[in-house]
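Undergrad: Given next are the chains, with one letter for each unit.
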Amino acid sequence: MSGQAQHVRPGYVLRYAFHERLWHWVAGFSYIYLLLTGLAFWSPWLFWLAILVGGAPVSRMLHPWIGLIFAVGVLQMYRMWASQMNITQADKDWFASVGHYIQNEDDKMPPAGRYNAGQKSLFWGFFVCMILLLLSGIVMWLPEYIPWSWRYLRYIAVLTHASAALLTIGLFMIHVYMGVFAERGAFGSVIRGEVTLAFAKRFHPRWYEEITGQPTTPRK
Amino acid sequence: MSQATLRVQKISGHAGSVPGEDTQRQYTVAKLIDVTTCIGCKACEVACVEWNDMPFSNTVFDNTYQTMPETRWNYWNLILFNEHEKDDGSLMWLMRKNQCMHCADPGCLEACPSDGAIIQYTNGIVDFQQDKCIGCGYCITGCPFNIPKFNKETKRVYKCTLCTDRVSEGLEPACIKSCPTGCLHFGSKEDMLQLANSRAKQLQEHSNYPNAGVYDPPGVGGTGVIYVLHDITKPEIYGGLPSNPSIPWTVKLWKNPLKWLGNVAMLGGLVGLFVHYLKVGPKAHDEEPDSREGAKP
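Residue numbers (our numbering), protein chains in the order written: chain A, 17 to 236; chain B, 5 to 301.
Worth flagging that the hints you see were computed from the coordinates, not collected in a lab. Please note that a few of the clues may not be correct.
Covered by chain A, per the in silico footprint, the following chain B stretches (three or more residues, Cβ under 8 angstroms) [stated by the list, open to error]:
#1 66-73
#2 108-122
#3 277-283
Every value quoted in this text rests on a predicted model; they were computed, and no experiment measured them. All C-beta atoms, glycine included, are put in the ideal place defined by N, C-alpha and C.
Generate the whole structure from the sequences, applying the supplied hints.
TA: See the structure below:
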């Protein structure tokens, strides 16, 4: 996909190629719009959010279209990454010691590959929720075309759309927290594409071994 | 839409209390439709279109006398014609004037996310305010009677206003005014119920309709439009009048427990992450105390 190999500064490794970063942000920016407008429709107390992005009727008109862009973004990420996202035994071990991960005791974690079990769960969570949101969203987009005898479709859609959206909000909060605040260097990896060798070694040791051919130092 | 003497008691998508709530009491109004004396003349249909100044609407012939299959954004009042075979094999012609039921617990208002797009007055009338409508169509999903209709050009939803403009000036709705047989009545809900019950009793005792009764479904808190039916046990035969209508349970679940649960979870999540950052902080890299870009030696 990316024509030329990207120049990587010494001491860094390439974590995300240009097309990976691009699709991530297609999904990311469309998600933020969907979040703001969706929350406006969700609660009267948040209705003002729609004013920020052009008013509620405009939000109602654009939300489904931006939703399609989001779906394309997530589908592209599925195409790029699904094969790397299989949940393995190592991932189950990772989950078993997730307490250490939360306490930032990363040296006590089973070594992760390019993606750790948490990232894989995030990926599958967003993928499944996107499918649910897309299907229910189409029903909610054009309710006037659903005949009265098919009204149960609408009944299911409103509940599915809200529930799946809430799940993505949980995933989104954790994702942003990890990427921007908790794991320094992660945000840069999805902007510039690079992470430091130390980052790779610390958080993704098996991936580090794969790309550098060097074993990681024995763990404490 | 004149609101001269009307006070509001419920507002859709509204954060906080209803301004002016309980400052004035009003009679709950109701329309009484005695289907047993309706002759299907459609005067009410014409009066509705005329009074509300609606554009011409094409009719659809469907092998019955019915004007069109269901109400439209610009056709709020429709007589439903049904041929019903009685138990003894004889035929009965059922005509029911169909329009917004003006529920005491309106599913449309419950589902609506837009502040003030649907309001319920203290007299019970449920009215759409198209200038505040965002065109989401949630009301279509919330309504158990298939009443709100979407206009694709204006992207707004419309329905019967119970002639709010007329009622607020002390007049009866246009449909009532036009009825030649007196099968339509308008007044306080209390009076209309009394009249309806006495008519049902008359039908039971003098006209051989032992199952005659009054349709005022409790599932939606009662309605501002009540029917006298020949057979209250089978409202479905009158063009699909639901026997026990209520707001769809998924809409109730979505608008009540899920909303609370979701809001608590979202707030809890934000607080939780913030506290985690204060307590545990960012993850350290082994060989690099600060590996932010630019800090690399």
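Undergrad: Now tell me if each hint is right for this structure.
TA: Tested hints:
no. : hint    : result
1   : 66-73   : violated (count 0)
2   : 108-122 : holds (count 4)
3   : 277-283 : holds (count 3)
In summary, the structure is inconsistent with hint 1 from the numbered list given earlier, while agreeing with all the others.
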